[in-house]
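Student: Going down the list, the protein sequences come from chains F and H. When we follow the numbering used here, the leftmost residue of the first sequence carries the number 1, and every step to the right adds one. When we follow the numbering used here, the leftmost residue of the second sequence carries the number 1, and every step to the right adds one.
Honestly, the hints are just simulated from the structure, not real lab data. Check the hints yourself; a few may be wrong.
Chain copies aren't distinguished; within one or between two, either way the pair holds.
As the list claims (entries may be wrong) - Derived pair list, reagent style BS3-like, types lysine-lysine, alpha-carbon separation capped at 30 Å:
id, residue 1, residue 2
1, Lys87, Lys38
2, Lys246, Lys151
3, Lys33, Lys12
4, Lys130, Lys55
5, Lys130, Lys34
This structure is a prediction, so every number in the text was calculated from the model and none was measured.
2 protein chains.
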Amino acid sequence: MISKLNEKIKQKKAPIVVGLDPMLSYIPEHILKKAYAKFGRTAEAAGEAVWQYNKAIVDAVYDLTPAVKPQIAMYEQFGIAGLVAFKRTVDYCKEKGLIVIGDVKRGDIGSTSAAYAEAHLGSVDVDGEKIAGFDEDFATVNPYLGTDGIKPFIDVCNKNDRGIFILVKTSNPSSGEFQDRIVDGRPLYELVGEKVNEWGALSMDGDYSNVGAVVGATYPKMGEVLRKIMPKACILVPGYGAQGGKAADLKPYFNEDGLGAIVNSSRGIIAAYKQEKYAKFSEEHFYEASRQAVIDMIEDINSIF
Amino acid sequence: MISKLNEKIKQKKAPIVVGLDPMLSYIPEHILKKAYAKFGRTAEAAGEAVWQYNKAIVDAVYDLTPAVKPQIAMYEQFGIAGLVAFKRTVDYCKEKGLIVIGDVKRGDIGSTSAAYAEAHLGSVDVDGEKIAGFDEDFATVNPYLGTDGIKPFIDVCNKNDRGIFILVKTSNPSSGEFQDRIVDGRPLYELVGEKVNEWGALSMDGDYSNVGAVVGATYPKMGEVLRKIMPKACILVPGYGAQGGKAADLKPYFNEDGLGAIVNSSRGIIAAYKQEKYAKFSEEHFYEASRQAVIDMIEDINSIF
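Using the sequences plus the hints, can you model the full thing?
Tutor: Take a look at the structure:
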């Protein structure tokens, strides 16, 4: 699956991913009103609004971006109706030829991790019938439980040609509380990075591994070190834009071949119309603001090469 | 919420929790057949079978156990239909007066962690209407992202009188890969334990905190140390029974007041009918085997006091 993602990145000259993390507060009034009129003040209305919002944005940007990254928490908060909107979004993005990275940060052990992996990257056997749950192309995974938590994901990736991104160094201010603690003279995130490299060897696909890593844009020095520790891992980079990460800092996340990293922006794209810079598009045409924000982001990221 | 759980533990003299982690391979033929006849070989059939299986077990044990712990991965693998079965299970258990611990192992940062917290322990505001997602009493949470990931959960706990159990030392063989690494002369899990104690002070409820910890039954020496580091935390103990943890080893997980720990068994209870010991109940009466297994487990755990 990583070779498919790399192919699309090269084709669109865009090592970026659009984060579909809808908050009700981002969704324009006219979409909300229509959903409330149809479904009342219900979870179904929220799900419908989220779906219509996503669809308009995807329609406006699918030719520019290789991938999208829906953050499942933003859907899960509305319960079943929210997850129905998540699934519609995943399916629609795949129809549009986009690679879908499910930002689910799951992680457990043994048969439980296997169940999460099948839920998001595979299928279960129901009396001989293969039933897919959410069916993304990639999923994000938490490493705290060690190999017992990761190996079942890799098995499912190998079976179905899918991939994972393992949290190594996250973009948030308190990520250092545990991730930066010094173990044998080196920070824990480096050890996790070494494990990612080791696990990655189990699922190579072309020059890269289906086992990638998450490293926040907000820690470029650490990104530089981790790039070297995990040469075959694609690095998914959150924290660009809204969280403060700048394009100039991101060069070290990439390999010499111009690949090896994919930079995410969520709010900066999907709620672009709320920024002064894109206000001219108006709330009604929010998706045009998103399109312009994607164009600007691609130009910004490509300026580092 | 922890005081409610402690009240129920005392009332039923049972510091245990029944793990509702249904695998299709555990579910008796007659339930599966009925579900396939009604829904075909579909996710809906799997969801229906899981629900009927859970309901029979809950009906057979609800008077004995203070709590249940559905493992969401086992539902999520069937996609939306599986999560409908999860929600039905949560609601039914609450109707039966059980405390529901959603074993979801979620964890992210900022507004995303807040969304997970609202999804499982709170509600979201949809145009002035409060909409609850899955509405468990407790959720399990992953600490890898630090305070930014935990604090939003605590805020939601305080708002709605709920609780969390934070992964500290998990029961699996490879849990040591990161959790046991030595930081400043002490294993990482002790540092996480100290943080749990610190975070716990933000949500006290009687003698205990709504912020508990997960410590596997398979590492009793570490459990003893962690008990002292987190005196106010209730320890959720997986790994008893099927994973090899023995009652005799669990004494150090409890405080002098006989509280402070709740021991989980999943497969050992819900698939008890598959064990030679309980075979006499037959597959047809699998729930009676589960009831006997709960009685035996309570006796076993109480033998340590």
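Student: All hints, please: hold or fail.
Tutor: Hint-by-hint comparison with the structure:
1. Taking CA atoms no more than 30 Å apart as the test, Lys87 paired with Lys38 passes in both settings, with 21 Å inside one copy and 24 Å between copies.
2. Within a single copy, Lys246 and Lys151 get their C-alpha atoms only as close as 34 Å, which misses the 30 Å cut-off; across copies the closest is 27 Å, which meets it.
3. In this assembly of identical chains, the alpha carbons of Lys33 and Lys12 never lie at most 30 Å apart, being 36 Å within a copy and 50 Å across copies at closest.
4. With identical chains, the CA atoms of Lys130 and Lys55 are at most 30 Å apart both within one copy (28 Å) and between copies (26 Å).
5. In the homo-oligomer, the alpha carbons of Lys130 and Lys34 lie at most 30 Å apart only across protomers (19 Å), although the nearest pairing inside one protomer, at 37 Å, exceeds that limit.
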